[in-house]
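Student: Using this note's numbering, read the sequence shown as starting at -6 and increasing by one per residue.
Heads up, some of the hints might be wrong.
Using 27 Å as the maximum straight-line C-alpha spacing, the simulated BS3-like pairs for lysine-lysine come out as follows [unchecked claim]:
1) LYS67 / LYS57
2) LYS(-4) / LYS57
3) LYS2 / LYS57
4) LYS(-4) / LYS67
5) LYS2 / LYS67
Treat the hints as calculated values from the structure; they're not laboratory data.
Please read all numbers here as calculations on a predicted model, not as lab measurements.
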Amino acid sequence: MTKYLSDLKIGETSTVLGFDTSRVDDQEFATDLEDRLLEIGFEEGLDVEILHQGPIGGDPIAVKIGTMTVALRKMEAAAIILGDGQ
-6 MTKYLSDLKI GETSTVLGFD TSRVDDQEFA TDLEDRLLEI GFEEGLDVEI LHQGPIGGDP
54 IAVKIGTMTV ALRKMEAAAI ILGDGQ
């Protein structure tokens, strides 16, 4: 079963395997999404950890990737494919 960043709970970690922008409802937005995620540091093989989720629908989420903390919408997180966590 494929796991996505949007599936993780606070405190869970996993490893970035790739991207699947077809899961994003707004395909116009999805067109450049993979490039934007790579630019902010979501590279294959890096570990990620969910630090915080917003109070309303869990949006946005705070994600630790390497030494950085970034905020993502759940829609963006749904496009990040994960492997086995730690």
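Student: State for each hint whether it applies.
Tutor: How the hints compare with the structure:
no. : hint            : result
1   : LYS67 / LYS57   : holds, 15 Å
2   : LYS(-4) / LYS57 : holds, 17 Å
3   : LYS2 / LYS57    : holds, 13 Å
4   : LYS(-4) / LYS67 : holds, 14 Å
5   : LYS2 / LYS67    : holds, 12 Å
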